[in-house]
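K.L.:
Here are the chains, one letter per residue:
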Amino acid sequence: MNDLGVMRFLPIVISIGMLVVAVALWPSTATSGDVSMVVWLNITLLLTLSAMSMRYGVRLLRERQERRPGSRLRAKLVMGLVGMLLVPAIILQFTASQMVDRGLDVWFDVRVDTLLDRTLNLARDFYARVETDLKQGMLPYMDDSALLEVLLQKPIDYNTLTSRLADILSVEGWQRLQVFDVNERLLAGVQANGLSDLEAAPLGENAKLAVTLGRVVTELQSDQGREVAVGYAPLRSNQGVVGLLRAEIRLPTGAVQNARAVESDYKKYRELERNRQAIRALFTNTMLIVTLLVVMVAGWVALIFARRLTAPIGGLAEALRRVTEGDLDVTIKEAPRDELGSLVRSFNRMAFRLRENVQALQQTQRDLTEALDSNRHRRQILETLLANLQTGVLLVDADAYIRLLNESLRELLALPSGWMVGRDLTSLCSGRLHAIGGFFEELCYQDQDHLQRELDITVGKQHLHILVRGARLGTAGAADISGYLIVFDDVSSLAEAQRHRAWAEVARRLAHEIKNPLTPIKLATERLQRRFGAKVDDGAVFDTCTSTIIGQVERLQRLIGDFSMLARLPKPRLKEEDVRDILHEMRDLYLSYDRVRVAVPDTGPTCMCDADQVRQVLINLLDNALAATAGDYAPVELYVGQVEDAVEFHVLDEGEGIPESSREHLFEAYFSTKPEGSGLGLAIARRIAEEHEGELLALSYAHPTHFCLRLPLQGGNMEMS
Amino acid sequence: MVKQLLIRASAAALGLWLVCVLVLTPAYAKPSVHLEMEADSNLVFCNTTLPNDAKHIARVLHEGTEVTFVWEISIEAVRRYWLNQNVATVRVERRVVPDLVSQSWRLIDVTSGISRRVFDVKKALAFLTRLRRFPVIDRSLLESGRPYRMVVSLEEHEGEDRGGWFSRLWGYNTVEKALNFTLP
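From first to last, the protein sequence lines are chains P and L. Residues 1 to 721 in my numbering are what the first sequence spells out, letter by letter. Residues 1001 to 1184 in my numbering are what the second sequence spells out, letter by letter.
You may find that some hints are simply not true.
Below, computed lysine-lysine pairings styled on DSSO-like, alpha-carbon distance capped at 30 angstroms [to be verified]:
#, chain 1, residue 1, chain 2, residue 2
1, L, K1177, L, K1122
2, L, K1123, P, K135
3, P, K135, L, K1055
4, P, K515, P, K674
5, P, K76, P, K333
6, P, K208, L, K1123
7, L, K1122, P, K461
So these bits of chain L aren't anywhere near chain P, every CB distance computed over 10 angstroms [said to hold, decoys possible]:
#, residue
8, M1037
9, E1038
10, N1042
11, Q1085
12, E1093
13, A1126
14, L1142
A few chain L positions that, by computed beta-carbon distances, are all more than 10 angstroms from chain P [stated by the list, open to error]:
#, residue
15, K1055
16, A1058
17, V1070
18, Q1103
19, S1112
No wet-lab data here; the hints were simulated from the structure. Predicted, not measured: the structure shown is a model, and the values here were computed from it. Glycine included, each C-beta is placed from N, C-alpha and C at the ideal position.
Isolated chain P, as found in the complex (with noise of 0.2 angstroms):
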């Protein structure tokens, strides 16, 4: 709208314009008839223009603010079209104004004024002159003696009057001549042609004042088309006024149409004379309703002309809007038959091949956001899953890159800050997780698609026994998926149970095939002893040996036993059991050791427990620390704490300690510090530790040594007995 530029302003002006016109036109007081109405017509006219144009220019300047599609082209064309028509309008009103002006003037110019007033004056002259002539022809008569002498006779001598009548008429070339009394009376007449009427008319006004004045007066009279001047003339005698003499003398007819027609001209002169502005305004404003109704119709025209035209630019317009807004349903339905209607097709056309388009995007951007959130779904679960698992997971892209690492593995191998994403695993795997990279490498150079291996790799003080597994992952080279996923899983608790299974067997099998001879050889030594011991030569020999073989028999029982209870642990039965009972029978137990402490305290706590196993874990630790401590009598003690929701029992003393090479194999089967030790107590212990999912920890190895037996209170998920 901005290129109308003053232009949107135009009918708002021409509005005002008109307004002023208007005004200029109402009409005054004086005015009124056919002007009057025309007058009004044209304001009528001029107030409708105004207003339409006042509210298209109205229109105009809101469109300013929002812009209608192919308003600016149409408000173009109309204002040109009305704007061509509107001035040679107003130069051809001016002009037919000026000329009307010229016309007037011409027509009533002040030759015809005097021209007409000198014929006027003619025309009186000539009336002036006839009734003069009239009066003065009837002076005589007023005192005419044979006239007078018939009057005053008694009776009237009728024939003498009529006598004297028709000498004045013949004399005098009147048409016609009449006597009355002085009541009104017609007493005799006589006329030029024809019979006299049989009744004369009344005598007027001016009969009477002839009478009254003495004197001679006359007037014209129609009657019939034809005027005549009348003249009355008193009778005078002595006596007064004895009658009155009534002459007519007809007035030409050639005169007096002419005389008539000067004076009608005259009268319509001057009539359009005084109605000389009404004339102009009647001219005017039929002009300006001519041009009024040329311009409203030129308008009109202009308007349709211009509507057409652009209402398929505006409906092309307010359609690409609407599509570059998104909107693509779009389909203008009035199509002419011209290029405009080729443009509308074309347009069409295109919308609807960008509807089905964008269509077919819509559906495969949906497709799309399903299979995404499908794969976030997935995802989702797979990182759920990846969190969640126990298991190590690694995935490694194709050239060796860490793509994916979850926390379990992280935290099974306690792996450094620098495994993560993107970095390069073969960088990564050097000391204790060389054994990763090895697999990798093994992984990648195959020719199967799997590995599994079983390393031992060490996580802090642990050794664990890690068993991984590997896959590829599609092929290589791929662009999608190509890559390595390398699991990894804890086996060292599976191991190491296998291998308590394994040795508990064998020990079950070599009690089983031991413990049978020993019993014989045992007493058979004993009877041997009992039989040959006081025959022998030399008997203290026999009796060393034969108390060696007792004694190693006895040793070999102990030995079976301690197997056989390896072996064949029993299940703990839960019982729920005051820790102050225990501690008191541990303190009765050892009660004649005097360096043996054990604190009992007043209150104590209840834990689910089997007590007999509970007090064989206890005597275990208590005898190996009288055992620590035999040589310098240092004391033992035992007490119970709880911490949480765990009941601990504490061992401790202060004997030498245990040596820094024992202390990995502590809790190992068959590793004993002492000559005669089986092996097997601490690791039965930890077993029945772990048998309650409890657990049995060294705290302190030397000075003191401090051995924590930790129970549950509410003995885990064990099933109570």
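Starting from the structure of chain P, add chain L where the hints point.
P.N.:
Frame of chain P; chain L shown alone:
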């Protein structure tokens, strides 16, 4: 904002100007009729004169154009909250026909049919523009103390062709005057 204020102020000024021009100006230009009411024991009379248009009528008569005055006198009973009630209407039509040739003017009372000729235009003017003690209504038809309204309207026609298209072009003047009165 300022632009809108200017546009509104301009529109208001234009409207005010239009009201002044269209309504007030014609009201001041209207000719007036002098009207009086007179009553005796029997009749109610009307005295009315058109004082300020005589010069124009004299010119028209001198120029030979026939002039007709149609007086219409109405008596209305005034009603406060409703249209007035018409009690009586009297119509008087007077015409002066000039004769330029004889320089005389025929005075015609169209209502009664009486006519006479005068040779002085002043008499013709007086005949047309004045109604002296013109009886309008019998007093017995009006109530004492009740407000009435006398309305005189005058149509001034010029030209012989009264009612014809040519005379319709110029139309005729109309004047109206009202007078409230109450009979004792």
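K.L.:
For each hint, tell me whether it holds in the structure or not.
P.N.:
Evaluation of the provided hints:
no.: 1; hint: K1177/L with K1122/L; in the structure: holds (24 angstroms)
no.: 2; hint: K1123/L with K135/P; in the structure: holds (26 angstroms)
no.: 3; hint: K135/P with K1055/L; in the structure: violated (34 angstroms)
no.: 4; hint: K515/P with K674/P; in the structure: holds (23 angstroms)
no.: 5; hint: K76/P with K333/P; in the structure: holds (25 angstroms)
no.: 6; hint: K208/P with K1123/L; in the structure: holds (20 angstroms)
no.: 7; hint: K1122/L with K461/P; in the structure: violated (151 angstroms)
no.: 8; hint: M1037; in the structure: holds (25 angstroms)
no.: 9; hint: E1038; in the structure: holds (29 angstroms)
no.: 10; hint: N1042; in the structure: holds (31 angstroms)
no.: 11; hint: Q1085; in the structure: holds (29 angstroms)
no.: 12; hint: E1093; in the structure: holds (18 angstroms)
no.: 13; hint: A1126; in the structure: holds (18 angstroms)
no.: 14; hint: L1142; in the structure: holds (33 angstroms)
no.: 15; hint: K1055; in the structure: holds (13 angstroms)
no.: 16; hint: A1058; in the structure: holds (12 angstroms)
no.: 17; hint: V1070; in the structure: holds (14 angstroms)
no.: 18; hint: Q1103; in the structure: violated (7 angstroms)
no.: 19; hint: S1112; in the structure: holds (17 angstroms)
The structure fails to meet hints 3, 7, 18 from the earlier list, while all remaining hints are met.
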